[in-house]
Amino acid sequence: MSVTEAPARRGKAPRGPAWAAGPLPAPAATPTPGARQETPEAGAANREPLCLHCGLPVPAAARAEDETPFCCSGCATAYAVILECGLGRYYRLAERRGAAVVPQGRSYEEFDHPAFHGLYVHHRGELAETELYLEGIHCSSCVWLIERAPLSLPGVAGIELDWTRGRVRIAWDDAQTRLSRIAGFLGLLGYRAHPFRGGKADARRRAEDRAMIARIGVAAAIAVNVMLAAFALYCGWFGGMEPVYREYFRWVSLLLVTPALLFPGQVFFRGAWAALRTRTLHMDLPIAIALAAGYARGVVNTITGRGPIYLDGVAMLIFLLLLGRALQLRAQRAATDSAELLYSLSPSTARVVEPEDRVRERPAEALLPGMVLEVRVGDTVAADGVAARGESEVDTSLLTGETRLRAVGPGDPVFAGSVNRGSTLYVRVEQTGEASRLGRILAQVEAGARRRAPLVRVADRMAGAFVAVVLMLAAVTAWWWLGRDPSAALDRAIALLIVTCPCALALATPLAVTVAIGRAARAGILVKGGDALERLARPGRLILDKTGTVTEGRVSLAAWCGSEQVKPLVLALERHSGHPIAHGFTEAWPALAVPPAGDLAYTMGGGLEGRVAGQRVVVGSPAFVKARLAATEDPAVEGRPGALTPVWVAVDGRLEARAWFGDPVRADAAAALGALARRGWQLSLLSGDDPAVVRDVARRIRLPDRRCRGAASPEDKLRAIEAARGPGATVMVGDGVNDAAAIARADVGIGVSGGAEACLAVADVFLARPGLTPLVELVTGAERTLRVIRRNIAWSLVYNLAGAALAMTGVINPLIAAVLMPASSLTVVLASWSARTFETRAGSGTTLGPPR
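For our numbering, add 282 to where a residue sits in the sequence shown, where the first one is 1.
The reader is advised that the hints may include incorrect statements.
Result set (EDC-like, lysine to aspartate or glutamate): computed pairs, CA atoms no more than 20 Å apart in a straight line [what the hints assert, rightly or not]:
1. Lys849 - Asp881
2. Lys908 - Glu891
3. Lys849 - Glu938
4. Lys849 - Asp934
5. Lys849 - Glu869
6. Lys908 - Asp934
7. Lys908 - Glu938
8. Lys849 - Glu891
Okay, the calculated beta carbon distance ranges per label pair [said to hold, decoys possible]:
9. Ala913 - Arg960: 57 to 63 Å
10. Ser769 - Gly518: 15 to 21 Å
11. Arg766 - Thr562: 33 to 39 Å
12. Arg960 - Ala1005: 24 to 30 Å
13. Asp694 - Arg984: 40 to 46 Å
14. Ala670 - Asp456: 35 to 41 Å
15. Arg960 - Asp934: 54 to 60 Å
16. Ala646 - Arg893: 52 to 58 Å
17. Val659 - Ala913: 54 to 60 Å
18. Gly956 - Ala1105: 39 to 45 Å
19. Gly1008 - His395: 52 to 58 Å
20. Tyr402 - Ala952: 48 to 54 Å
21. Gln897 - Arg688: 31 to 37 Å
22. Pro637 - His405: 32 to 38 Å
Keep in mind the hints are simulated off the structure, nothing from the lab.
Don't be surprised by glycine CBs; every beta carbon is placed ideally from N, CA and C.
Make a model of the complete structure from these sequences and hints.
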């Protein structure tokens, strides 16, 4: 869901409620009766009253101080304020959501500071947008929870999570709510929010990794000690053991396992509690139930002194689950790091010229408009600006796809991502960071990469349904074994809950898509979202623009008929012209010595004439040159071979040479399009050029005339896309300029090298390498990605069905289930990571531009 979209709302909160304007007032009088939210299970267990505001049990100390059922004065105050504002309906939302909205502990007040908004908040109309880094995200089920629960807050318009990197994009109405309230609510769900500051977010991720390692270490130490106590008990079964020692080891095991459950194991209970509060089916729920059931049985049997305690299994289960989750997270991050290649395109530092011409290196984030940068030869420009001093040539292939260097002098624009190839250049900064041209391009790619394909959304729904099925099967298993072997019933149900954890199913699709997009980026193919890969995986209709797509998009000398001595005379005139024909001549003969020319005259639409080495030279169209020939000259008018543009050359009134120019077909076009046709794609050529030229190009790439069309306006291309819709995807490939409307309307729009900025604005895929070979690689990679997704889902379902059968029949116990559970997730991770979806080619792996 886009962050600018919001679901229909039932009502709006008043602007400026009391609890949002400042400190909370003192606790109010006894709240309205009948609002108690005590669950039947909790009441049956201990009859403890639940807090009317947050739904948590009211501590005995709080009940002694006040007879009203609130767990703290903050909840009492919030409850009174909400009722005073006439917002009692809020508690119907809170019953579904099961969490207090007023932040407790950390207030996140800094998120409302104007300085924070100036740096990290963007406004789009009436909505504000920002990105935050969230701790505690470990699976795709967190995506469902985070993207839906906060929508019940007034003023939240949209929330979208990139779970692989822990970044969440939030859109909200400043007039209805504050960012601090949204962040506080996410914290109540177990996801602590931080401003996203790039490197600092990575540092927090490392801190989160260290905390995970600490939990694994504690769990491992406890598990080892509990296993030692269990080993002594097992030995006592065979050789006999005094009752006092047996009780001793049982109580030692209980005392050791309790902190393991409270500290390392709390991550599973926190996720399960968040799922219960929001009435969602989170994959931590069956794990938490299994741990709680195993621990409860151990406590009861330890106190009564009867039956096995099995606390060693609980301790080992916590350790193995945490270890599997850590390995899984590490592999996911390694997979997504390939997509981070995009950010290496812009330098992290820049040389800033300070007073007295001192040059100091500064972080790119610290650059401000008005600063002057020193860009040495080989340096990449760090910000958009204008050349202040110096003259040079810059490589802009990353932004434009144009491999030819562009001359830059004082006053000329220079863009971030350009590489200086000439001499030292001084650039005055105008736009930095996300505001730069490169920043906007990368932001568009990154925003598109967060889109999840339909298959990903189906997998998310499958994971939720699977949790429900697992809980039902666990209940059936316990009921079945209670009538046959009551001592084994709990073991069977616990083993089932553990071994069928749907982690692998939830990871199957998003991880395969993420890895594929990262691999494609390294191969010079920028894919905005997984939905494009899914559509390209099946053959459909592929419509191609001609100029700049099938052809190279430049004027080139195709044929020459004349004396070699005439070539320097032609170059002497054409080097003074900026016409495309002139560039064609100069590119065809770059090494010739050129004599000086004078008395130049240019005729619009005709040609160029002048005096070179004492001779009168005329270069231009046949009609223009023929009008300047001597009366005795009467050359035969020749047609243009292959729909090329003819150019005549006359010297002193005599026709000396003929040349033909055209837009050359890309060398790989015929082979690439032939490969696509063999895969089942229906190919068409659509261009605004003369129909004769289009037919000639179609013949060169072996397309029948009925599949090509010329003289097509942008409106004609748009109508052609709409008329081509049918079974399978409709794909438009173009340079993103005249084809922008058609690219945007197609099921999948593909922009080719040469029009990067325009393409990324509307296209789903951008081919940063020239030629049509990347198009074949894109289709091939999409097909491979879909096969990986299907293979992952099939493996996950087969594994879970087999594991469920083994657990229900008693073949595996909870400890073996704990060993097998992470194996399925790791198999999916490794399968996605090792799949050869896109292959990096030499010259395209690091620059994302055309190979040199």
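Hint-by-hint comparison with the structure:
no.	hint	in the structure
1	Lys849 - Asp881	19 Å, holds
2	Lys908 - Glu891	13 Å, holds
3	Lys849 - Glu938	10 Å, holds
4	Lys849 - Asp934	15 Å, holds
5	Lys849 - Glu869	12 Å, holds
6	Lys908 - Asp934	12 Å, holds
7	Lys908 - Glu938	12 Å, holds
8	Lys849 - Glu891	14 Å, holds
9	Ala913 - Arg960: 57 to 63 Å	59 Å, holds
10	Ser769 - Gly518: 15 to 21 Å	19 Å, holds
11	Arg766 - Thr562: 33 to 39 Å	34 Å, holds
12	Arg960 - Ala1005: 24 to 30 Å	25 Å, holds
13	Asp694 - Arg984: 40 to 46 Å	43 Å, holds
14	Ala670 - Asp456: 35 to 41 Å	39 Å, holds
15	Arg960 - Asp934: 54 to 60 Å	56 Å, holds
16	Ala646 - Arg893: 52 to 58 Å	53 Å, holds
17	Val659 - Ala913: 54 to 60 Å	57 Å, holds
18	Gly956 - Ala1105: 39 to 45 Å	44 Å, holds
19	Gly1008 - His395: 52 to 58 Å	54 Å, holds
20	Tyr402 - Ala952: 48 to 54 Å	50 Å, holds
21	Gln897 - Arg688: 31 to 37 Å	34 Å, holds
22	Pro637 - His405: 32 to 38 Å	35 Å, holds
Hint compliance for this structure: no hint is broken.
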